[in-house]
Amino acid sequence: MRPAPPLLLLLPALVLVPVLLALPGLLHGGGLDLIMEFAAAALTPSLDPVVLRALLAGVGVTVGMALVGWGISLIAGLVLGLASSRTLWRTLLGHALPADLIRRLLALPRSIHELLWGLLLLQVLGLQPAVAVLAIAIPYSALVARVVSDLLDALPTANLEALRAGGAPGPAALLTALGPPLLPGVLSYGGYRLECALRSATLLGVFGLGGLGTDLKLSLQSLEFHELWSGLWLLLAVMLLLETWVGLLRRRWGMPRRLALHQPGVGRRGREMVLALGTLLPLLVWVGRALGVDPAVLLHWQPLPGLESGHWQAVLSLPWPQLVGGTLLLTVLAAALAVGLAPLQLLVAAPWPWARWLVGFSWVLARLWPPPLTLLLLLFVLKPSLITAALALGLHNLGILGRLLREGLQDQSPAAQQALLAAGSGPRLALFYGRMSGVARSYLAYGAYRSDVMLRETVVVGLAGAVGLGSQMLESLSSFAWDQLAALVLVYALLTLVGEELSDRLRRRLLRGS
Amino acid sequence: MTIRRRTAAVLAGLSLALSPLLVPVLSGGGGALMPRAAAEPAKATRVLRIGAIPDQKPEKLNRLYPLVAAELSRQLGVTVKYVPVVDYTAAVSAFRTGDLDLVWFGGLTGVQARLQKPGSRVLAQRDIDVAFHSIFIASTASGIQPFRDQKDLARLKGKRFTFGSESSTSGRLMPQYFLSQAGVKLSDFAGGAPGFSGSHDATIALVQSGTYDAGVVNEQVWRTSLHDGKAKRSKVVAIWKSPGYQDYHWIAQGDLDQRFGKGFTVKLQQAIVSWRPGDPQQKQILALFGAQQFTPAEAAAYAKIEQVGRQIGKIR
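Residue numbers (our numbering), protein chains in the order written: chain A, 1 to 514; chain B, 1 to 316.
Next up, chain A with everything else stripped away, as it sits in the complex:
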């Protein structure tokens, strides 16, 4: 039996049953006063000029780190993406072996979360501004490369073959046949990565790599909620500005939305694009200089101490089954929460405009807060546990998925929903069958991709909580146990690669069914 597509959409929300059952046992309510204080402080953020100036500087650093890291990853990702495209090698050399090889190699940097890159680079490069930028640029380059090569290889090759048959040389034929259709996809994805980069840069700050994240973490740790909210509101303004701007450019330049996977898009307004790209490069250099990023530091590697004596016995005696099991369970719980809650919330809020607004706003806050901060807040009232960590991770991703779902719904034709409403069905049912059924499969497919991202992100809440590989990683890092760290990173990378493969298959199945 195949459930109807819209019902499929609500399936992940079943995870709420065990979570809600477990919640009373986890509640301790000890820090309820603190939560109240925190909530009240939202309306009375600190307006102290000294605090604001420090926060503004922090925002500047965070935005700068995001921008430079993103810019580098875009350029490097494009080059690497071309280098790992099968079509390209087949046209130039005759077979696609080098493409497959480069693809495999790129899997490793991609499978390691930017936070781990940051912490590892900090150890070999020292306290350098370049660390955060590189930490963003390395995994992002590999991610962009994957998307670029996937897009490129999925393009129809008829034009290319025609040009080649007509005697055009390889490079020229490639550029002419594949360049223009590739552009909208790359631009759309690039805009999305910039939003991700801002979130990553904030997160890196939470773990001490500078910028606003550091201020947020310190304010929360010393329970200075008024200062914390000044920082959060500032970040909110920057995030919304960025999202609006990226959305504006996406519409203006006719780029496809992320949920509409099959929509053919043709890039428009070439002059504007060239102008924007032309300003981007000097801008990146300028921001990089302002941050004090010095490429020369990459040459000054500090040796890691104590590498000569690996305690492999101790590495083997780590509780691997619990660590891996905890990580996987955390991912599944968080993913189901995030994917399932978004449509459910929209349905519940459907009849009332104010409720819809509230849901949207809660999503903005959810994706604004780095998961470790959410976790610290949750720990005020919940016991540390796997579910607590899953809530923190799930809520953050709910904010991201919810926004996508809403964008996707807005793009649907309103005809079916209006017909249902006119026929007398309630607002919830009309939304459910009229609009949601149309996006169900692509939303779930995106959810599959996102759960793969969440697997990588478990490291973030693991570090702050006490669950899975992430918590062991922090412990190993503060013990300077490089052998354990190396083993943990390797296991993480393996898990991510397997997860990526699984989510890819799931995604393909979901999309094929549509």
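It should be emphasised that the hints constitute simulated quantities derived from the structure, not laboratory data. Glycine is no exception: its CB is placed at the ideal position from the N, C-alpha and C atoms. Any given hint could turn out to be false.
[To be verified] Using C-beta positions, here's what the derived DEER-type ranges look like:
hint	chain 1	residue 1	chain 2	residue 2	range
1	A	53	B	77	31 to 41 Å
2	A	299	B	77	25 to 35 Å
3	B	146	A	505	56 to 66 Å
4	B	130	A	281	57 to 67 Å
5	A	321	B	185	12 to 22 Å
6	B	235	A	508	54 to 64 Å
7	B	141	A	53	36 to 46 Å
8	A	299	B	180	44 to 54 Å
9	B	244	A	355	55 to 65 Å
10	B	182	A	320	25 to 35 Å
11	B	261	A	36	56 to 66 Å
12	A	490	B	158	29 to 39 Å
13	A	320	B	130	40 to 50 Å
Based on these hints, arrange chain B on the given structure of chain A.
Chain B alone, transformed into the frame defined by chain A:
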């Protein structure tokens, strides 16, 4: 689309693209990712960069260490800069990578730093660091009563418990050692694991609020908090005081004599040890450190810390 609208759109796009340029301007050039001092290469400058493990609230550290920097600069005639770091591990790493020249370490982080950077020198400790104590605290709401016998630490089983930083000597290492002597494993706490609040101030705040039933902090911060009224006796009480052990100390890089001139390390040590409450500036520093004076310290004094660190797996 009309030309006017197109021009407007181009301008809007441009101004958005350029808007990040404004940020460093707005922030008055303070927008460096890391403190400037940390970004400067070590050899080209004659700046003594000092640091500390962030064991207390940033406001307090930011009040104390610039004072220390100014005083050392006056005594030694070199530029001294305070470089803040965000966690204990980062302080050790920054010392190893040569980004910090003189660091106020805890017992455990000091041993970690010396093992990672052979040749570095233990300079001085406070009078109170010879026999430093941890204080176990509990919220009054938890109903945990103070006790004398170490064995009674077993009462903490099943409670929500928090340490300070993972690498804290008085907020984690020695308490964990005392707990294990009393038969309490980390998995015995509620939720299957203890929390790590990050600093002593945070531990007090979290226990006082009831977020955790109990926690452990260093004695000096506890006393200061009681004195300041930050810790309210009606909400949080001390339940057990640990036996004494060696804790905090100043550690310097081994190459300071080459970089700052012969005998510099000795001069630096003498400067720190010479601080007395008679001098107004030095009095303020000593008060913030919670000490009467500093005394010369030996690496050998930390053998016990190293042994416990190895036992618990924080030193390898």
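Is 25 to 35 Å respected by the C-beta to C-beta distance linking residue 299 of chain A and residue 77 of chain B? Holds, since residue 299 of chain A and residue 77 of chain B (Cβ atoms, about 33 Å apart) stay within the stated range.
Distance restraint hint 44 to 54 Å, applied to the beta-carbon atoms of residue 299 of chain A and residue 180 of chain B: holds (45 Å)
Range hint 36 to 46 Å (beta carbons of residue 141 of chain B and residue 53 of chain A) holds or violated: holds (39 Å)
Would you say the C-beta atoms of residue 146 of chain B and residue 505 of chain A sit inside 56 to 66 Å of each other? Given range 56 to 66 Å: holds, Cβ gap about 60 Å.
Cβ-Cβ distance between residue 53 of chain A and residue 77 of chain B: within 31 to 41 Å? Cβ of residue 53 of chain A to Cβ of residue 77 of chain B: about 32 Å, so the range 31 to 41 Å holds.
Is the gap between the beta carbons of residue 321 of chain A and residue 185 of chain B within 12 to 22 Å? With a Cβ separation near 19 Å, residue 321 of chain A and residue 185 of chain B satisfy 12 to 22 Å, so the hint holds.
Cβ separation of residue 130 of chain B and residue 281 of chain A, checked against the hinted range 57 to 67 Å: holds (59 Å)
Given the hint of 56 to 66 Å, check if residue 261 of chain B and residue 36 of chain A actually sit that far apart at their C-beta atoms. Hint holds: Cβ distance 58 Å, inside 56 to 66 Å.
Residue 490 of chain A paired with residue 158 of chain B, Cβ distance criterion 29 to 39 Å: holds (36 Å)
Okay, residue 182 of chain B versus residue 320 of chain A on CB: inside 25 to 35 Å? Roughly 29 Å apart at Cβ, these two residues keep to the hinted range, so it holds.
Beta-carbon spacing of residue 244 of chain B to residue 355 of chain A - inside the hinted bounds 55 to 65 Å or not: holds (60 Å)
Looking only at beta-carbon atoms, does the pair residue 235 of chain B, residue 508 of chain A fall within the given range of 54 to 64 Å? Since residue 235 of chain B and residue 508 of chain A have Cβ atoms about 57 Å apart, the given range 54 to 64 Å holds.
Going through the hint list in order, the structure satisfies each hint without exception.
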